[in-house]
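Listed below are the residues making up each chain.
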Amino acid sequence: MIEAQNISKSFNGKEVIRDISIKFDQGKTNLIIGASGTGKSVLLKCIVGLIQPNQGQVLFDGRDFTNAGKNLKTEIRREIGMLFQGGALFDSMTVEENVMFPLNVLTDMKNDEKLDRVNHCLKRVELTNVNDKMPSEISGGMKKRVGIARAIVNNSKYLFCDEPNSGLDPQTSITIDNLIKEITEELNITTVVVTHDMNSVMEIGDKVSFIFQGQKLWEGDNESIFDCEVKELQDFIFANNLMRNVKRHRG
Amino acid sequence: MVAKFRFSMASLGRFILFIGSMFVRRESFLTYVKLTVDECMKIGINSIFIVSIVSIFIGAVTTLQTAYNLVSPFIPNYVISLVVRDMTILELAPTVMAIVYAGKVGSNIAGELGTMRISEQIDALEVMGINSSSYLVLPKIIASFFMYPMLVILSAFLCILGGFLAGTLTGTLTGYEYIYGIRYEFVAYNVTFALIKSFSFALVVASISAYKGYFTSGGALEVGQASTAAVTNSCIGILTADFLLTKLLL
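Chains as they are written, first to last, in the numbering used here: chain A, 1 to 251; chain B, 1001 to 1250.
Hints in this document: simulated from the structure, not taken from any laboratory. It is possible that some hints are incorrect.
[Said to hold, decoys possible] Computed beta-carbon distance windows for the label pairs:
hint, chain 1, residue 1, chain 2, residue 2, range
1, A, E97, B, G1219, 24 to 32 Å
2, A, T128, B, I1153, 47 to 55 Å
3, A, L115, B, V1187, 52 to 60 Å
4, A, S21, B, K1004, 26 to 34 Å
5, B, F1018, A, N111, 30 to 38 Å
6, A, E137, B, F1215, 26 to 34 Å
Glycine included, every Cβ here is placed at the ideal spot set by N, Cα and C.
Whole structure, please, built from the sequences with the hints as guidance.
Structure representation (structure tokens):
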């Protein structure tokens, strides 16, 4: 379980996130949703330690990550897998080398074992015959899958996904969403997904937190989200016709 | 003025912290060996062509221009190659090549790191618990430290060879005169001085370019700006270091 407690962050005096506390449950897909520019990605970066918050702390299974010493911080970081918005695959490496990278740097595994593990993870994300391809030679959806394979290759306990559906067509988005959910349940890991895609909320949102102008305004699951009375959340959800129709259909 | 001075001091402080950050949370020794060898290929071997071309032509032109300026019957012809030799060893090979090196390798380092920064590849390394500055930058600096002096030695040789070819093929001086001038009152310390300069310039170019690339933020425009700034600042660093080393060591 991951607990973010009273996280605040300002840039040049402007408060981007304000006193946010959220718990992310193990074995569930935890979603952080909100409009663009509302502070979701900053919150995610505070949680994974890419940005130091001005206030608050993040606990990974009770271990204080924010104020941890270098050794503990490195130990926790090595349990984290992250899927970045653009995939963040290393351009100079092939798909296989990208996925194998955490194993090369962080483990003492033998080459055969590493290759087996890489092939297992690539198979798990439904990618075959792409081992020798460069990131520039594969599609956006494939890049996301390779990113997921790289994130889980080292048996990560925590998986973070920053807008995994951005730039993807609806069908591929659903495939990626389902993959994230399946992997979360299969490996019983704590998954945090930042998104503004309502389809993702409906597909995989075990637990949903809504951020508005740097504050958490609502928390619940994808079943109760339609019944919420927070106006900002309603405006966000029902911004498009599809969701309005869904609500009408649900009565 | 005060704000500019403060900004410069803050940048200098950040640069020092950046250099210091490479030596903490390091990966295994073998990891660095492999990365450094790769960087030696990129930085050193891939620069041989441009260094060779520039060196041969600079040597040739220096010989012809020196001959053009020494038109007195009281000055023997071998003085031309003596001038070429000292200019090459003291300044052309280490310093002028450093400018070329900054243009080729410096901009490449800044561009590569800048692109990695804006495409979140550096963040990906950090999330994995890898010290990105140490992993990405340290091998580049070590490779530069070893490869640039070798390029300078190659450059000096080709510069003198270029001078020989230009001088003899145009009939400016004979081969015997050229070789005599090259060997005349040779000061071995000048080579030591050139190598000290080349080690210093290697560090200046690699560290400044890496710093500019590593702290890029924004998009493609900023990566281009970082590459330009890397070359500009490296050149300023090279010329400042050149002046200080000349004053201190000669």
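Hints versus structure:
no.: 1; hint: E97/A with G1219/B: 24 to 32 Å; result: holds, 26 Å
no.: 2; hint: T128/A with I1153/B: 47 to 55 Å; result: holds, 50 Å
no.: 3; hint: L115/A with V1187/B: 52 to 60 Å; result: holds, 57 Å
no.: 4; hint: S21/A with K1004/B: 26 to 34 Å; result: violated, 42 Å
no.: 5; hint: F1018/B with N111/A: 30 to 38 Å; result: holds, 34 Å
no.: 6; hint: E137/A with F1215/B: 26 to 34 Å; result: holds, 30 Å
When each numbered hint is compared with the structure, a violation occurs for hint 4 only.
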